[in-house]
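*Asks:* Chain by chain, the residues run as shown.
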Amino acid sequence: MTTTTLWQVELDFPLALLEPSVVELVTAGEELAVPYCHPMLQSLLLWRGHWIPILRTVGNSPTLLIVNAMSSPDCPYLALAMAQTPGKCSVTDAQFAPSLPEGDKLTRSPWYQCALSAVAIDARIIPIIDPALCMTNDFLNTLYQHYRKSPSSVR
Amino acid sequence: MTSYNGAYMGIQLDTLYLALPGPQISQINLPSDVHRHLEMPYVMLAQRRIPVLQVDARLSRVSAAEPNSGANYIISLAYADASGTLLTRFALQVDTVQQLGALQHRPIPVQMQRRNSPLLGIFTDAAKRHGFITDVQALERFFNHHIEIHSHDHDYPMAG
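Going down the list, the sequences are from chains G and P. Using my numbering, the letters of the first sequence map in sequence onto residues 1 to 155. Using my numbering, the letters of the second sequence map in sequence onto residues 1 to 160.
Chain P on its own, in the form it takes in the complex (with noise of 0.2 Å):
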């Protein structure tokens, strides 16, 4: 569980309703703004390439963003790393982007949970929506995990 106590920004991925800490938000784009070098999507945040993800709402899928998805934002996803250095190593395409506030967090059970889930809790908006708390850590973790057993590509796309 994040220890997390800030205010949290919500995204929307098709059904699946995501808060993630406010300030690992580094960068928010629109499809306009993302570039292809070899296929790659990516956005630029201070002179460097961030590749571009797509992930279902069943997060069964995660794949290098594809052109014309009908996807409305691109965020810019970051992290201090030990020296307090803050780190920009992918972008994610989503539907929507909205700020939410402080959030209570609830458990998922732990004997639901999947190694390298990024679903570390639920929580309920001010609209009595329901949706999940993750952070860019949990979210990589489940991107790197995805990624090495279903493309067998371990040249991992992420910038830094």
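Excised from the complex, chain G in its bound form (with noise of 0.2 Å):
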């Protein structure tokens, strides 16, 4: 049996990410709001010399995930707003892919658009996400109209 190692997130929803999508853990960046965009990524938050986008869903949270979206030509990097610190986990064979009963309330979060896979964490299925398809017009927009049903956790 193997494992692998997943960073385990909190954002408004707990998420897993493959170790090589996870960068650099982020605490006190320097940030500049951005009029006029698109309501999920409404800040740019100055990182290595470059302006990566910033996906809030979790109020502004200092706490920011760099994060790997390299199949994002236009914009290979992109910062996650956390609700608490990542930690990374290790998970084996039997954990991975669980399956979700049809219309399981998990299946109907936006997350789920953007899951290579599942895994099954402390009696919780966790969807893998790739940060490449969390930058998709699609995704966006389903998150907006899903935060839209219940902003608090929006900014």
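Hints in this document: simulated from the structure, not taken from any laboratory. For clarity, every value in this text was computed on a predicted model and none was experimentally measured. All residues carry an ideal CB built from backbone N, CA and C; glycine is no exception. Don't take every hint at face value.
[What the hints assert, rightly or not] Covered, in the sense of this in silico footprint (three residues per stretch, anywhere, with C-beta under 8 Å from a C-beta of chain P), are these stretches of chain G: (1) 4-13; (2) 44-58.
[As the list claims (entries may be wrong)] SDA-like cross-link-like pairs, simulated, lysine to any residue; straight-line CA separation at most 25 Å: (3) P:K128 x G:P62; (4) P:K128 x G:L46; (5) P:K128 x G:L45; (6) G:K149 x P:Q113; (7) G:K88 x G:Q42; (8) P:K128 x P:T85; (9) P:K128 x G:Y36; (10) P:K128 x G:P35; (11) P:K128 x G:G29; (12) G:K149 x G:I125; (13) P:K128 x G:I125; (14) P:K128 x G:K88; (15) P:K128 x G:N60; (16) G:K149 x P:P23; (17) G:K88 x G:D74; (18) P:K128 x G:G49; (19) G:K88 x G:L32; (20) P:K128 x G:E30; (21) P:K128 x G:R48; (22) P:K128 x G:T27; (23) P:K128 x P:P23; (24) P:K128 x G:T63; (25) P:K128 x G:K149; (26) P:K128 x G:A28.
Two chains, two frames, a set of hints: combine them into the complex.
*Replies:* Quick look at the structure:
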């Protein structure tokens, strides 16, 4: 049995990232609010001389996780605003790709749109997301529609 | 992205810091130079009435400039049409105007941008302050879009 290392992250929803997706944790970055832009991407982080978009679903958290979105050439990095500091965990093959009951409320989360797979951790089923898929218009618009219905978690 | 490589002028609209190509500012007036006709504010340029607009720092509201708004300057904005003739179709109420020189542009990721956004890039000035590159065409496109969406006023109040 092999094990895989994942990053477990808490945004408004528990998510997991493959180890190569995670670049750096930033807690006191320089931020620039951008007016008249997508409601889910309202500011930029100055990071290593580049301005990268910040995806916020958890208010004004200063804890930002820089992730690789290399398959998105215009925007190779993305900063995800964290509800709490992320942590590493090891999972076994048996924990991967648990089946979800059809219509399960978990699968209705917009985050499943950018999931590569899912993993069972501590009795929770958590999507493993591809950061590049987080930057598609379809996903961002779905996320916005989702949070319009429960706006308390979004700035 | 604008291909202009010359000197820029910086303008401040409350907390919004913008830079636009220097030659696109055709005239700078004081609020005391503003006249009103049927509630539409205007300044005179080459014997023409140039409507004065105001926009908020979040780019959420575009309107005719209000009297006593506290703005310090009125800048008339011009661009060259296809024949090279300079057109000035509107003026904008601003808090400050300053020379910035040439600027290095950083792109705004396209995924963030909404259609008709007047923001074409990011710059950092000599004092390490960050702002947004714009130009007259981008501002005019944004104003046109905004006025159509929000006021249903299809008699676009620009000169020319």
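*Asks:* For each hint, tell me whether it holds in the structure or not.
*Replies:* The hints, checked one at a time:
| no. | hint | in the structure |
| --- | --- | --- |
| 1 | 4-13 | violated (count 0) |
| 2 | 44-58 | holds (count 6) |
| 3 | P:K128 x G:P62 | holds, 21 Å |
| 4 | P:K128 x G:L46 | holds, 12 Å |
| 5 | P:K128 x G:L45 | holds, 15 Å |
| 6 | G:K149 x P:Q113 | holds, 23 Å |
| 7 | G:K88 x G:Q42 | violated, 28 Å |
| 8 | P:K128 x P:T85 | violated, 36 Å |
| 9 | P:K128 x G:Y36 | holds, 23 Å |
| 10 | P:K128 x G:P35 | holds, 20 Å |
| 11 | P:K128 x G:G29 | holds, 15 Å |
| 12 | G:K149 x G:I125 | holds, 23 Å |
| 13 | P:K128 x G:I125 | violated, 45 Å |
| 14 | P:K128 x G:K88 | violated, 37 Å |
| 15 | P:K128 x G:N60 | holds, 24 Å |
| 16 | G:K149 x P:P23 | violated, 47 Å |
| 17 | G:K88 x G:D74 | violated, 29 Å |
| 18 | P:K128 x G:G49 | holds, 13 Å |
| 19 | G:K88 x G:L32 | violated, 29 Å |
| 20 | P:K128 x G:E30 | holds, 12 Å |
| 21 | P:K128 x G:R48 | holds, 15 Å |
| 22 | P:K128 x G:T27 | holds, 21 Å |
| 23 | P:K128 x P:P23 | holds, 24 Å |
| 24 | P:K128 x G:T63 | holds, 24 Å |
| 25 | P:K128 x G:K149 | violated, 39 Å |
| 26 | P:K128 x G:A28 | holds, 17 Å |
Checked against the numbered hints given earlier, this structure breaks hints 1, 7, 8, 13, 14, 16, 17, 19 and 25; the rest are met.
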